[in-house]
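Enquirer: Starting from the known structure of chain U, fit chain R onto it as the hints suggest.
Number of protein chains: 2
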Amino acid sequence: MMMKVEDVVLDVNMEELVAKILLNKQPEEYFDTIKKLTIFQQVQLIESLPAEIRLNIWHCIDPLNWWSLIGYLQAETSKNLIRSLPVEEHSKLQKVAIAAEVLLLADKLPKSLIDAIMLDQDEKSSLEFQQALTYSDDQVGRFAHRNILRVRKGISIASVIDRLKRKDFISAVFMVDSERNLLGYIPIAALFNNDENDIVDDVARPVQSVEHDSRVSVIATTRQFEEGMDYLPVVENGKVTAAISISVILHEVQASLTNNTISEAPVQDEDLFGPVNVAMRGRGLWLCINLATAFLASWVIGFFEGAIQQVVALAILMPVVASMGGIAGSQTLAVTVRGLALKRITTANIKLLYRKEMKIALLNGVLIGAIIAMVVAYWFDSVQLGLIILCAIVVNSFAAAASGTYIPFVLEKMNVDPAVASAVVLTTVTDVIGFTIFLGLGTIIFL
Amino acid sequence: MMMKVEDVVLDVNMEELVAKILLNKQPEEYFDTIKKLTIFQQVQLIESLPAEIRLNIWHCIDPLNWWSLIGYLQAETSKNLIRSLPVEEHSKLQKVAIAAEVLLLADKLPKSLIDAIMLDQDEKSSLEFQQALTYSDDQVGRFAHRNILRVRKGISIASVIDRLKRKDFISAVFMVDSERNLLGYIPIAALFNNDENDIVDDVARPVQSVEHDSRVSVIATTRQFEEGMDYLPVVENGKVTAAISISVILHEVQASLTNNTISEAPVQDEDLFGPVNVAMRGRGLWLCINLATAFLASWVIGFFEGAIQQVVALAILMPVVASMGGIAGSQTLAVTVRGLALKRITTANIKLLYRKEMKIALLNGVLIGAIIAMVVAYWFDSVQLGLIILCAIVVNSFAAAASGTYIPFVLEKMNVDPAVASAVVLTTVTDVIGFTIFLGLGTIIFL
Numbered sequence: 001m002m003m004k005v006e007d008v009v010l011d012v013n014m015e016e017l018v019a020k021i022l023l024n025k026q027p028e029e030y031f032d033t034i035k036k037l038t039i040f041q042q043v044q045l046i047e048s049l050p051a052e053i054r055l056n057i058w059h060c061i062d063p064l065n066w067w068s069l070i071g072y073l074q075a076e077t078s079k080n081l082i083r084s085l086p087v088e089e090h091s092k093l094q095k096v097a098i099a100a101e102v103l104l105l106a107d108k109l110p111k112s113l114i115d116a117i118m119l120d121q122d123e124k125s126s127l128e129f130q131q132a133l134t135y136s137d138d139q140v141g142r143f144a145h146r147n148i149l150r151v152r153k154g155i156s157i158a159s160v161i162d163r164l165k166r167k168d169f170i171s172a173v174f175m176v177d178s179e180r181n182l183l184g185y186i187p188i189a190a191l192f193n194n195d196e197n198d199i200v201d202d203v204a205r206p207v208q209s210v211e212h213d214s215r216v217s218v219i220a221t222t223r224q225f226e227e228g229m230d231y232l233p234v235v236e237n238g239k240v241t242a243a244i245s246i247s248v249i250l251h252e253v254q255a256s257l258t259n260n261t262i263s264e265a266p267v268q269d270e271d272l273f274g275p276v277n278v279a280m281r282g283r284g285l286w287l288c289i290n291l292a293t294a295f296l297a298s299w300v301i302g303f304f305e306g307a308i309q310q311v312v313a314l315a316i317l318m319p320v321v322a323s324m325g326g327i328a329g330s331q332t333l334a335v336t337v338r339g340l341a342l343k344r345i346t347t348a349n350i351k352l353l354y355r356k357e358m359k360i361a362l363l364n365g366v367l368i369g370a371i372i373a374m375v376v377a378y379w380f381d382s383v384q385l386g387l388i389i390l391c392a393i394v395v396n397s398f399a400a401a402a403s404g405t406y407i408p409f410v411l412e413k414m415n416v417d418p419a420v421a422s423a424v425v426l427t428t429v430t431d432v433i434g435f436t437i438f439l440g441l442g443t444i445i446f447l
Numbered sequence: 001m002m003m004k005v006e007d008v009v010l011d012v013n014m015e016e017l018v019a020k021i022l023l024n025k026q027p028e029e030y031f032d033t034i035k036k037l038t039i040f041q042q043v044q045l046i047e048s049l050p051a052e053i054r055l056n057i058w059h060c061i062d063p064l065n066w067w068s069l070i071g072y073l074q075a076e077t078s079k080n081l082i083r084s085l086p087v088e089e090h091s092k093l094q095k096v097a098i099a100a101e102v103l104l105l106a107d108k109l110p111k112s113l114i115d116a117i118m119l120d121q122d123e124k125s126s127l128e129f130q131q132a133l134t135y136s137d138d139q140v141g142r143f144a145h146r147n148i149l150r151v152r153k154g155i156s157i158a159s160v161i162d163r164l165k166r167k168d169f170i171s172a173v174f175m176v177d178s179e180r181n182l183l184g185y186i187p188i189a190a191l192f193n194n195d196e197n198d199i200v201d202d203v204a205r206p207v208q209s210v211e212h213d214s215r216v217s218v219i220a221t222t223r224q225f226e227e228g229m230d231y232l233p234v235v236e237n238g239k240v241t242a243a244i245s246i247s248v249i250l251h252e253v254q255a256s257l258t259n260n261t262i263s264e265a266p267v268q269d270e271d272l273f274g275p276v277n278v279a280m281r282g283r284g285l286w287l288c289i290n291l292a293t294a295f296l297a298s299w300v301i302g303f304f305e306g307a308i309q310q311v312v313a314l315a316i317l318m319p320v321v322a323s324m325g326g327i328a329g330s331q332t333l334a335v336t337v338r339g340l341a342l343k344r345i346t347t348a349n350i351k352l353l354y355r356k357e358m359k360i361a362l363l364n365g366v367l368i369g370a371i372i373a374m375v376v377a378y379w380f381d382s383v384q385l386g387l388i389i390l391c392a393i394v395v396n397s398f399a400a401a402a403s404g405t406y407i408p409f410v411l412e413k414m415n416v417d418p419a420v421a422s423a424v425v426l427t428t429v430t431d432v433i434g435f436t437i438f439l440g441l442g443t444i445i446f447l
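Chains as they are written, first to last, in the working numbering: chain U, 1 to 447; chain R, 1 to 447.
Chain U extracted, bound-state conformation (with noise of 0.2 angstroms):
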């Protein structure tokens, strides 16, 4: 539903105002301003107060907008409010129904609500809301609009005018040959520029299609977009049949944005706000699998005990090992996963940039390990401490480089993740060797 000019009060100071209704928990109070906030604040609102409050907030809104309201919250948090909706709200949710805005949150819906939305449908949206529930909530065929209009090459812009004025409501205009593959876009604020007895191809420019089942995610992160797109052209077999909206990928990216990309903890999504034990199943299994890790590398400390028993430096040190071999690691991942997100990274050049990696790795192993080598020797008064650390410092270093590059990209050829289970998988190896050599050292030299 669209919010008409006079409907929105645009100047209220939400930090003050998530204040007040904590204070006296009475939204209804706020009844007016709640009501007036344009979709985003309202938005902004419910995932800034707790859960229990929500449910007094969401009465306080335009039953017309709360399609949209659903659409613009994080996925978790309107799960939850939907989950928490009496059932009698189902109905009213139902009736206010606008077919392009359930899509994309059909995964956020009960089967039942979906199954009599789209009983109300007329047959038309009914079938293309079906055909668009065929395609995940990570694909362009799930949010792309059939309502575009086709012109072919060499035609006048008067009569593209003409065209557009015939239609309903067109969210783009494509140029297209008598086959109805893509020849180039029309931005339709071009039209106006130029002279009505031109021909389109003036005004058309050349344009990337994405297909239905292309994910948006991975268009949201290799695609760049000219100033002025709005639209992309959607294909079927070279043939243009639909348009996604710049907003829907801008929205993806935002999303993917907030979420911490490359982490030994990555936490997807969370409600801020939501149910504790949700938010504990997500994060204890990350937990565990960093834990399993750890007794990993303690295991293998376990071999050294009888140098750390005589020289109990080693002990102290391991965090000096550990820490530099991993952020070495972290920071060649950050690199190679960026790399291969946007394309720049293939087996073409991989082996250029794991050159350029040990490269690094050696000018800064030796630089930091020689700076860590002196302030050990001096502090424990033992050159040989000092040589064991540089030692195990440049090797690590190579460790890590190696596997920050390579760790991401064998995991993206495994169809895995790479930004999700990287860092996981390097902190093993850089702890595993770090540990190993240094103490592996120590023990041939101080036993």
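To be clear, the hints were calculated from the coordinates, so they are not data collected in a lab.
Among the hints, a few may not be true.
Where chains are identical, the list cannot tell them apart; a pair therefore holds if satisfied intra-copy or between any two copies.
Straight-line Cα separation of at most 27 angstroms, DSSO-like style, residue types lysine-lysine; simulated pairs [said to hold, decoys possible]:
(1) 25 x 359
(2) 79 x 36
(3) 25 x 35
(4) 20 x 165
(5) 36 x 343
(6) 20 x 359
(7) 153 x 165
(8) 35 x 20
As the structure is a prediction and not an experimental result, all values here were calculated from the model.
Expert: Only chain R this time, still in chain U's reference frame:
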């Protein structure tokens, strides 16, 4: 420079092309293929190739596209490329300069080149150019266009269309009152779908404006955009004076997305195949900061030398204590940093988040701590050791939750970017507290 539809070939296998060029290093052979790539494919190609081949690619590209190309290249990569251009190329570049495109990359250009380009502009664009340059490349003012159309409330759609036709290219149309205060924006495509005798009010939509000095990166993370909205109004003292394209914002989000957001190893915008010494310096700094915190952890461990010598198991288990604290803390951190970036967390509700995080810490700490305790008690045949590590894990979980919540919050209040600085502070806290409790209890019980 805009490319025409017929200049471009879209179906090129980029990976193959990169492999071929790397194999025989004669890009001239592929001159025609490279020239006919879209600008974004040319960008991909340059970023996928080592620095020494890039200049050859550059020479294959139509000079009219040079500026857009520079604009779309990653910051570091384009700096390196421009630095490597022979001096005589600078004057060639200058000849094909388009003010609007130069603006996007003023920070990457030598001052002399910018001055020369400004002299070439007519008075009006030169003035706009200078004005835009007073803003940083993260401010709206740098990218704002003045070619907007302001229409008054109540006028007919026909007269809007008429005014659009009489103007040079217009990016966006806004509805204003008699004082030029913003009332709403008019989607250009909607002008075709209403009766020409209707008033613009019928198609106007509410929109929040931005200021010339607003930060693009903040808009990029915090604002959501409706479908079909392609420009945001830019205001000065409430009066609409310009517009900024959503594509600029999308570009900003994409750039941040591919940077590692929350990390102990931030790698800013590094050129994949740029000079090793530049990459090394950037990373070396972070390695040194982390080195300092690792030594701090070592120093803490040093206090418990006696206990470690008696019970080597304490040293063996240190990675487990450190890992659990670090990971749990990073999870909280991910949630907090995202909430802060989206302006969901403020002084009004930070305590609520803190309480939720403490609950999760208690539950996960006790549960996973118990698993660890059982493994440890069995492994080292010591119930005491199991209880010690249980205690350390639980206390450290609380420390992790508290720091994960408040470190980024405090950093933001101090105007330090929490995404960059939080992780290293957090790990220090969890390492120090974890080791102190674990080894401290070990000392009390075993010595």
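Enquirer: If a hint holds in the structure, say so; if it doesn't, say that too.
Expert: We went through each hint and held it up to the structure:
no. : hint      : in the structure
1   : 25 x 359  : between (60 angstroms within a copy, 22 angstroms between copies)
2   : 79 x 36   : within (24 angstroms within a copy, 47 angstroms between copies)
3   : 25 x 35   : within (17 angstroms within a copy, 63 angstroms between copies)
4   : 20 x 165  : neither (49 angstroms within a copy, 50 angstroms between copies)
5   : 36 x 343  : between (44 angstroms within a copy, 19 angstroms between copies)
6   : 20 x 359  : between (57 angstroms within a copy, 25 angstroms between copies)
7   : 153 x 165 : both (19 angstroms within a copy, 23 angstroms between copies)
8   : 35 x 20   : within (16 angstroms within a copy, 60 angstroms between copies)
Against the hints set out earlier in the document, a violation occurs for number 4 only.
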